[in-house]
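> Here's the letter readout for the chains.
Number of protein chains: 2
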Amino acid sequence: MSEVLTKAKRVKSAEKTLRLATTDEKNRAILEIGRQIEKEQPMILKANQEDVRKARQNGISEAMIDRLRLSEVRMSDMVKACSKVATLADPVGSVMKSWVKGALNITQIRVPIGAIGMIYESRPNVTLDATILALKSGNPVLLRGGSDALASNMAIARAIKTGLSKTGIPDFAVEIIEDTNRENVSQLVKMNAYLSLIIPRGGAGLIRYVIENSSIPVLETGVGNCHIFVDYNADREKSIEIIDNAKTQRPGTCNSVETVLVHEKIASQLLPPLNERLGAKGVEIRGCINTSKIIDCKVAQESDWETEYLDFILAIKVVKDVQQAIDHIEQYSTRHSEAILTNDLTNARLFQASVDSAAVYVNASTRFTDGEQFGFGGEIGISTQKLHARGPVGLEELTTYKYTLIGDYTIRG
Amino acid sequence: MSEVLTKAKRVKSAEKTLRLATTDEKNRAILEIGRQIEKEQPMILKANQEDVRKARQNGISEAMIDRLRLSEVRMSDMVKACSKVATLADPVGSVMKSWVKGALNITQIRVPIGAIGMIYESRPNVTLDATILALKSGNPVLLRGGSDALASNMAIARAIKTGLSKTGIPDFAVEIIEDTNRENVSQLVKMNAYLSLIIPRGGAGLIRYVIENSSIPVLETGVGNCHIFVDYNADREKSIEIIDNAKTQRPGTCNSVETVLVHEKIASQLLPPLNERLGAKGVEIRGCINTSKIIDCKVAQESDWETEYLDFILAIKVVKDVQQAIDHIEQYSTRHSEAILTNDLTNARLFQASVDSAAVYVNASTRFTDGEQFGFGGEIGISTQKLHARGPVGLEELTTYKYTLIGDYTIRG
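Quick mapping for you: the protein sequence lines, in order, are chains A and B. Counting along the first sequence from 1, when you hit position 379 you're at 394 in our numbering, and nothing is skipped either side. Counting along the second sequence from 1, when you hit position 290 you're at 305 in our numbering, and nothing is skipped either side.
Don't read these hints as lab results, they were simulated from the structure.
Which copy is meant is left open, because identical chains are indistinguishable; a pair holds if it fits in one copy or across any two.
Keeping only pairs whose Cα atoms sit at most 27 Å apart, straight-line, the calculated BS3-like set for lysine-lysine is:
1) 335 with 31
2) 205 with 176
3) 253 with 417
4) 95 with 116
5) 116 with 99
6) 176 with 95
7) 27 with 335
My request is simple: use the sequences and hints to build the entire structure.
Below is the structure:
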């Protein structure tokens, strides 16, 4: 039996125990994992140094190495994450709706999804984060990390399993795939008999591969080609503040802005100071023809409207009105997060009703699309699909529901 | 451009109008469709007679022909369905949650999913039912019916489009694929750029094909290998009543019972009268060894525990206790509907907590798993998957949500 099949069966077999586990039992397990991570920190850091050394040998970029590297601070954050997830409300068992129909009492109640397959790339802290969020929501998890982080991931997974073995939650509720051959991703996404959900986290290539090949339902996360539209009567200074925040605070995140649309009536007042502010921070601007008549910038190509730069680059387009902004977003957006900056209530309402994205803002930065910022206490990613969950995927989004019905020996007439 | 691509683009382009359509506009469109169906009844019935004639020539079974055939009664039901769906509450725009976080007001609001691909088999009334449920929930729909019902489906679709053309909803919100070549199903399930959801309705083969090949999220409907467990202290007479109802009321439906599990303490009192009652209705019993020692019946094979008979056949197994019943269900159930008949509250609670199916009953027939019986007013199928929707898929389940956020030029700190 292949490693993937063996471990998929193991996590599946943990579903029953987790389904019935109490909140206390799950919290104890998560806290025990935290303690074990703390205890095994020297081993985990040593394994991580080995991964970093190999990555350097393989000529991996410094940006990637930064994502791969664990430090004492990052490890302390991992331990804190355990304490925090233990304090979050348990979504399992909460009643979503309850009603009476004829002689039947019908209750819709939150339950775990079941075994989840998690496919991710270089950040080894995902091994822990995914595990504790999955366990808290009652789901076993089969982890498949990237080859660059293999030693780190295995060391973290060992600590997780040792932690679990001291609790009532079986240690096979969390399994990690050791062989990071590419073949096993294609095997994993066909394990319908054992896994109820696949969550890919990583680059666009990985996500596309999983969507195209998985026969298991997928939670699509990630790509954010986010827009901000500055309406004719927006506050100029505050708009510049928001665009700066949305572009430069952390440009590598999916909720950063990539294209700013500017109402033609405000363009000549807004663009020069915006250009100055962003230029000072090293942001390259790629503007439409009309933008380039107002400020000195590169001229945007068609491909710029489609690109998630994840970098200090911003596309700018002058538009006629809110409707043209909405149409541009309809055409190019990845349906993650978009904002309108305006003091016109009619336009604000039209924009929020028309734009079909997970998060649609009025007078705020797109950077808020995040489980922590929404108050979910944590997230496993940002969903850009329509089914099941949209936007930040926290504990509630890692559950499903079932109906429980009680009758009095009731038959259908 | 292929027919599938052309029509997928057309329905996608109707998303914007439907997203902003008011409840009144959608209701008027649905009622207009009903009027047009009524008006074109002679043409639709004529087209249907042609389908039935061809099906006979092709040696299609009488059961299938019965599913294919439209009558004046069935057509009048279709018109009534339009009036009914028009009266149902519109899920779009309802607020699921709303809270304040820092300077942001965050609202989770129900919105349409977007264009849906519907792939179905011989019943032509699905053409209408799927259309009106999709439109009411704000979703355009691309229909791909079976070749047997082609003339009927085209006639119904023509009436739908004529009806729509008299309203504010564009007639390209509903498109039907005319070429029923098998190739176009494989093309349809890859139209990620235009369709947000695929719903297959039909036999197990069609559903499996769609799950294995679609890169678009799928709502899996259908297969129900449902169980009833009769506990040691269940009321004997009432239990027989429920089993009879769940098996014989309409054995071809997915919520009918296929296996009855009987506590060993009640087996010798329950099985003889149950056998007599079901025997009189022509039900064939396939029992485990212990069952066959109490009543005269065929001996069940391993495959019987896995089979959705959809027929006058019932598998029966004697079990030691509620836990053994739960374990049997865990192994063989398709996670549709299961029931426990008991007067033991501890066992009732354990069964409802442990059994991981869409609907878990205490003292009621599994036949209630149905949108109408749940009070949803209609359904497009019964979901047996865990993601997005579970159990009856009504109007609410045909929506998703987005977050709208309002700030005061708020930036992330």
